[in-house]
Amino acid sequence: MGRGLAFVAIAQAVGWLALAPRGAWLGATFDLCSRWRALAAAALGVALLAIAWRLHAHGVELDPDAPWRAAPQTWVGRVLIAQACVVAAALVASRTARTATLGAVLAWLALAGTALSGHAVAADVSPWLSAAAIAHVMVAGAWCAALGPLLLLHRAASAGHVTRPWRDVLARFSRVALPAMLAVVAAGTVVALWSVGRWPALFATPYGQWLGIKLAAVVGVFASAAWLRRWLARPAAAHRPAGRALAIECALALAVVGAAGTLADIVPGAHDAITWPDAFRWAPLDAWRLHAPDMVAPLVGAAAAIVVGGLVGLRLRRRHAGLAWGGAGTGVALAAALALPAIAVDAYPSTYAAAVTPWDAASIAAGAQLYERHCSGCHGRTGRGDGAAGAALPVRPANLTEPHVGWHTHGDLWWWITHGIAGAPMPGFGAVTTDVERWQLIDWLMALSLGHEARNLGTRVLSRAPWLPAIDLRWTDAAGREHALSDLRGREAALVVLIHDARELDRVRALAASPPGPGARVIVVAAPPIAAQLEPAAGVDVAVDADGAIAAAWGHYRRTLASPDLRDDAPLVARIEWLVDRFGFVRARWRADEAPVFASADALRAAVAALAAEPELRSPDVHAH
Amino acid sequence: MTARGLRAVSAAALVASMVLAPAAHAHSWLVKSEPRAGATLAQPPAEVVLVFAEAVEPAFVKIAVHRDGKPVQPAPVPVLAADAKSATVPLGAAAGPGAWSIDWRIVARDGHRSNGTLRFVVKPR
Ligand SMILES: [Cu+2]
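Each protein sequence line maps, in turn, to chains R and H.
Quick note: the first sequence uses this note's numbering, first residue 3, plus one each step.
Quick note: the second sequence uses this note's numbering, first residue 76, plus one each step.
Looking at chain R on its own, in the form it has when it is part of the complex (with noise of 0.2 Å):
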């Protein structure tokens, strides 16, 4: 609490002492600009002590034996501390006339310090992110600085203490205080979007829930400031109106400011774990894939009602105003009744859960061994949902290689494989597999489901359409060091070679010799006896496959149009090559059996040149849906 309230004390001083050299403009009958001063003195005590109450908190919460040495050795503590020391700074300016406006100005600059101890700085994620988070903080704060003076004016005003009149005060403050409320929420909105994540948290996090609390409390601030450039646009007007709106903008300021300090204590929305509310979520996308037939006639209905009413509104418009808005508001009314209840899919506590197990070979591989204990009598050997224990049940076991398996959220599938589909034969496995195993078999069913929509991948790179993930994989070069397809991201392509002939090494030998570029490395999965035959190479690696797990979970992007191996029976291909851009997708694969290699090593060097001069267009997080 320590933050909103150091923030509201130091913005007030740095509109007092602002105000202090202004007295003559404003025609101050008395000495006014001592009293602004001392007033910003006693607002800037207030905000040292918030803040030593601040840093003694973070040092408990450091160390509880000895809070005031630990807190320094931080960088919230750092900030603090000098913190303090501006505000120590502009009260020492404050004492003086003549240095009241460089108090005012070192006060403002203080009011970095509730940036820079705050999530969007101290997270260290982007220079533009913490650009936009100070930039938020003071202009926030410049705004805030000077809704109490204003208070106060009026009311000197109202007394007769200053002869200017209030309007022009209050018309000089409006002018700016638009565009800087402006640029103060479109940096908010900047640091919203990346602190929050991804909707859902809007709705299903703490953070969420106070953002909107904020933004309540911003619309009312906006509303009030709007009433406020009413009333000085109507020609003469008594006082007290006014004063009313803009005590009330700065009651709804302090609220603003209330939710902003308690969003900078708790965890951003981004990072925390999505607990979903309902049963159900709003997404259109997803509830036309998994139920299109059953959308038609409520959207069709929504739409003819907000057709109707709207043309009821119209034609009423001019005899019976009440009448029109009735109609409109029904037909939008009964379209959101129709349409609302049509775009929602069902959902569980753990829809938006994320995925505890890393996309690669490895978790797949386990999630196989698990599917072949627990599930595939139901729904078969390769997933069709053909098993023999699944024949005689009322509701037939799920085909888990159709896509709809992958449009649900992995959360859902997670809900479902721990718990079981109420009103189905589709028993829970919550007793008898762990959180990490139930994981491993949601990666085996995304590479069961990815590895159908593999078909549609072909031999040439389609420029900018990256949207099969690469699976991570694992080794260790000749120095005993372990590497990951993964530890490429953001620097180099790869070129995945799946052998299951010795005879194919040829081609790594070809490879060696010629390498596509130099922004790919080539890396060649075998079984250790073939990968036994094979001579070292420079920027060659080799992946021991000895489990033979990566051969298992990369076979799944075995599948072209041409063959689709649908039955699962076709023998292995003698060699496959994928080429992976430096974001970790998939772009293009070459079979030894039907379009053997790239039409030669200068056009593979081409595709990568063209991979390494592409931007990131998405990430590739198989998890996140």
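What the hints contain is simulated information worked out from the structure, not anything from laboratory work.
Hints should not be assumed to be uniformly reliable.
Cut-off 20 Å, straight-line C-alpha distance, at most; resulting in silico cross-link-like pairs (EDC-like, lysine to aspartate or glutamate) [what the hints assert, rightly or not]:
id: 1; chain 1: H; residue 1: 137; chain 2: R; residue 2: 63
id: 2; chain 1: H; residue 1: 107; chain 2: R; residue 2: 63
id: 3; chain 1: H; residue 1: 107; chain 2: H; residue 2: 122
id: 4; chain 1: H; residue 1: 160; chain 2: R; residue 2: 437
id: 5; chain 1: H; residue 1: 107; chain 2: H; residue 2: 178
To spell it out: a stretch of chain H is covered by chain R in this simulated footprint if at least three of its residues, at any positions, have a beta carbon under 8 Å from a beta carbon of chain R; those stretches are [as the list claims (entries may be wrong)]:
id: 6; segment: 126-139
id: 7; segment: 186-192
For every residue, glycine included, the Cβ atom is placed at its ideal position computed from N, Cα and C.
Start from chain R and add chain H with the ligand according to the hints.
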């Protein structure tokens, strides 16, 4: 409502919003590790690398290493990378077969604390 009433209400709202703020908890979680969580290795690793989502406070990275449930002596001292986002824990002479667990406790740069355990198994083939 009078201006005074408004002021009282807003002050109360400010205080309430600050008091109601839930306690800060962890979010600089482990994004990656070497060996990775749950791995079974044939050879003991010389060191364990923990990679965090955000920069952490160097002075407050606390690590406890256990092998088969017993604390490893002398306690390994973690070394932080220059960007403060990863810590290397040398296992040194203690490296060997068994069930390993690395308890880590950190303070993220924004002041939030976090902790967890990385487990892996070393089983010579
Ligand atoms: Cu489905």
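_Flag every earlier hint the structure violates by its number, smallest first._
Result: hints 2, 4 break, sorted rising.
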